[in-house]
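Chain residues, written in single-letter form:
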Amino acid sequence: MSERDFSARSSNVTLIDLTKRFRSLDGSGEVLAVDDVNLEVKTGELVTILGPSGCGKTTTLRMIAGFEYPTSGSILIGDKDVAKIPPNKRGLSMVFQSYALFPHLSIYENVAYGLRVQKLPASEIRERTERALDLMQLTTMAKRYPSQVSGGQQQRIALARAIVIEPSVLLFDEPLSNLDAKLREYMRDELRKLQKRLGITSLYVTHDQSEAMAISDRVVIMKEGRIRQVGTPREIYAFPQSRFVADFMGKANFLEVEVLGIDGESARIDIGGKAFIVPRAGKVRPNSGSALLVVRPEALRLISLSNAENEIPLRGCIDRFTYFGNIARYEVSTENGPLLIESYNPEASSIFEEGDNVGVIIDFESVRLLPPENKEQQ
Amino acid sequence: MRENTRLSVAHLVRDPVLLFLVILVFVGLFLFIILPLGKIFAYSVTTNDGRLSFQAAWDMLRSRSYLAPLKNSMLLGITTGILATIIGYVFAYALTRVDMPLKRFFKAIATIPIISPPFILSLSMIFLFGRNGLITRRLLGIEDANVYGMHSLVVVQTISFFPIAYLTLTGTLSKLNPAVEDAALNLGASKARIFRTVTLPLSVPGILSSFLLVFIQSMEDFSNPAVISGSFSTLAVEAYRTITGMYDMRGGSLMALLLLIPTLIAFLLQKYWLSGKSFVTVTGKPTISQQQSKDPKLVWPLFALCMLISLVILLFYGTVLVGAFVKVWGINFSFTWAHFKYVMTLGWIPLRNSVVLALASTPIAGLLGMIIAFLVVRKEFPGRRAMEFISMLTFAVPGTVVGIGYILAFNDKPFMWTGSAFLLIMAFAFRNMPVGIEAGTSTLLQIDRSIEEASTILGATGAVTFRRISLPMLKQAFFSGLVYSFVRAMTAVSTVIFLISPRWNLATISIFSLFESSKYSDAAAYIIVMILFIIVAIGVLNLLVGLMGRGGPSTSGGSSERA
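Residue numbers (the numbering used here), protein chains in the order written: chain A, 1 to 378; chain B, 379 to 941.
There may be inaccurate statements among the hints.
Estimated spans, in silico, between C-beta atoms of each pair [as the list claims (entries may be wrong)]: (1) B:Pro679 to A:Thr139: 39 to 47 angstroms; (2) B:Met794 to A:Ser53: 56 to 64 angstroms; (3) B:Arg762 to A:Val31: 15 to 23 angstroms; (4) B:Leu922 to A:Asp36: 33 to 41 angstroms; (5) B:Arg762 to A:Ile16: 57 to 65 angstroms; (6) A:Asp36 to B:Leu563: 34 to 42 angstroms; (7) B:Leu922 to A:Gln118: 45 to 53 angstroms; (8) A:Asp208 to B:Gly761: 46 to 54 angstroms; (9) A:Thr139 to B:Leu922: 52 to 60 angstroms; (10) B:Leu397 to A:Glu124: 46 to 54 angstroms; (11) A:Pro52 to B:Tyr650: 57 to 65 angstroms; (12) A:Asp208 to B:Ile639: 32 to 40 angstroms; (13) A:Thr139 to B:Val734: 26 to 34 angstroms.
The set of hints was computed from the structure by calculation and includes no laboratory data.
Backbone N, C-alpha and C define an ideal beta-carbon position, used for all residues, glycine too.
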């Protein structure tokens, strides 16, 4: 009863210059759905493609599956180019957003389907199907039909059906989006545990950033067909390389600041006529002039104006205050624009009211400095 | 554009089974739909010495002998369309929106005319209102009642075709989101006002749609006008008489063309104009079963109306049943088996032919319907839209037109098929597949495409996916396609009247000749036997389809919480 058996065929995936053009809806031109994507997913790794709808993430996944043909570029599974291999011969599996269970087949037959199609010996089909059902805790309901079980169970059937054929790569197309919030969190943890245990190379598409952070080894951020950044969840959140990534992954405030000089790793910047030190200058050059300061809401702190006024970089007025229990959220208008501020464990510090005039302190250890970018690059 | 065409061609080449199916379907569509229609058109505008001339056609068209039937057919179609739609709406509204007793009975009554053989209502009309009619002669003592003419046709066609309106409008009314009516009620509107300002306007597309569908059926109808129209000539019958009586093939083709144009326009309006205007709200969310009105001021008048119509229908069918067992209707009402003996001896061979040919054509029509639906909904290939359009076209092309087209196309080399069982089977198959296509298409559109993709990525080829996943899910649609094709094949008159031969005579045509020689009770017995055959066949088909797929609750989609 070894779980390793399920992962025996896992291999890596390489996308080289992958491009997909569609005819645009009015038929006049073409739309670049996927634009020159390069990516390697290592054996046993779970990589998430994250992006807003229409960013090309699903198209990328469907090209790997073989349901769409790339306009140019290549897809390697292991070291084999799969361009000429039809989807049913690629040795992949996929978990679909709608689960796509066969409604006329029992749960047992759903799971056994891929093995039956391969015309394996009956004894092997039975043994492997039972093992997969057991692994997903579905044994007791094997005789039922998909419409007779709950959403979470349907999800597990879809997963059992996908892993039983021992795919070289497992593709996930927003598999949790049909579950309610609580079940979604539970299932994503289960899914991650299973994937780690079996070591199946997985490519996971989602638009939910917390899901991506929770399950991924690495996250790929896509927008308008292009990859914007690849990295571990921490790299993406803590070191965003563009305004778009910072904005899409979590919440962020953006402040236009003046760069006064670079001193080794750190930068001196000007906010509202006062100079401050940012410990990590990143890619900002001394001659950049202006730069974009990325500040997460939790990196800002409110103080009352009676405290040492000179060290307060920003001051403003509270427009809106929302109390969530674990977080207090403030929307503050300042001379540098509106700011979103989140205070964790709010009962431990003072709570401000709407209409209060406040000072805003920045935790410069955790802010990022980005070179100025033109609008089109965002 | 070029990019996509190239890709879809590449797709075709990659999948030889798909390529083969697409080619097969196109060859079939060309041979049995496009070629015959093209022949009619070409023949109508060619002169005797083979020159192309629109002048001759135009001159013929202007003569009274062409205009009168056209006018009559249109008048009949519009009258029947309006009456059948009104009755259909009453039935549909009563059965979907009102809480009344005997609903199952009314539903059963409304399906009888759909599956019953031709001539039956005309026969009743003659039995009840003819010169020796039970009502006209016996009850009212009228000596010279004239049952023949437009008035009888309107009655007979309205009863025959109101089920089409009823089914169409049931679809519309039951899919209207009840929340819209609830909202109106909540805003303080009275029930009558809601009906007038919400329900009725929202069902306008359904009403127009059912009118057009009935109009097409009425224009196409051959069997009823052929026996009770009297001097009221309609296009479908005149075309037949012109060809068989006057041996005027060109005149017949022209009439066929005249018949084709309005039905085609009605069909295109129904399919492309109205389908875009549908107010039907399908959200995928389960709609709470709507409240049905219990208001006695609404329930009982509607109940009385439905009852009245149902009783009339029962009277008509009952009359034929009785008529089959009496010696001479109107003169000697004593019991006899003689007419059934006649059917089982002289009438046996045509009956057997009808069953054999219908059985042979049914699986072809059913499978063809599913394959075309599958190709059109699920696959990408050049000419997909054309395939969809041409295959649905047969629904709008009157049987008379098909029959004439087939004579023109298949009487000569290279296809000398007239009179053969093969051509009759093909005529049935291609004429009767649209219901299968329609049912298959709507089923497939409801089934998440990823269910088939799941099968593919698990390793199944296209053929395996079709057989093990798509076809079982299409079971219901496949069955309704089969039943419909079988019934239509058994009951066809207008197409086959041109295609039969001494070797392949058919039951419906035998009934027609019984009418011509006024052997009405023989015809009645014949019709009763046909009904029995149809009922048995539907039962057997039901059984076969049940065995075909493994059971299990069949629901669309895989998830119950799909957004």
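So which hints don't hold here, by number, going up? 1, 4, 5, 6, 7, 8, 9, 10, 11, 12, 13
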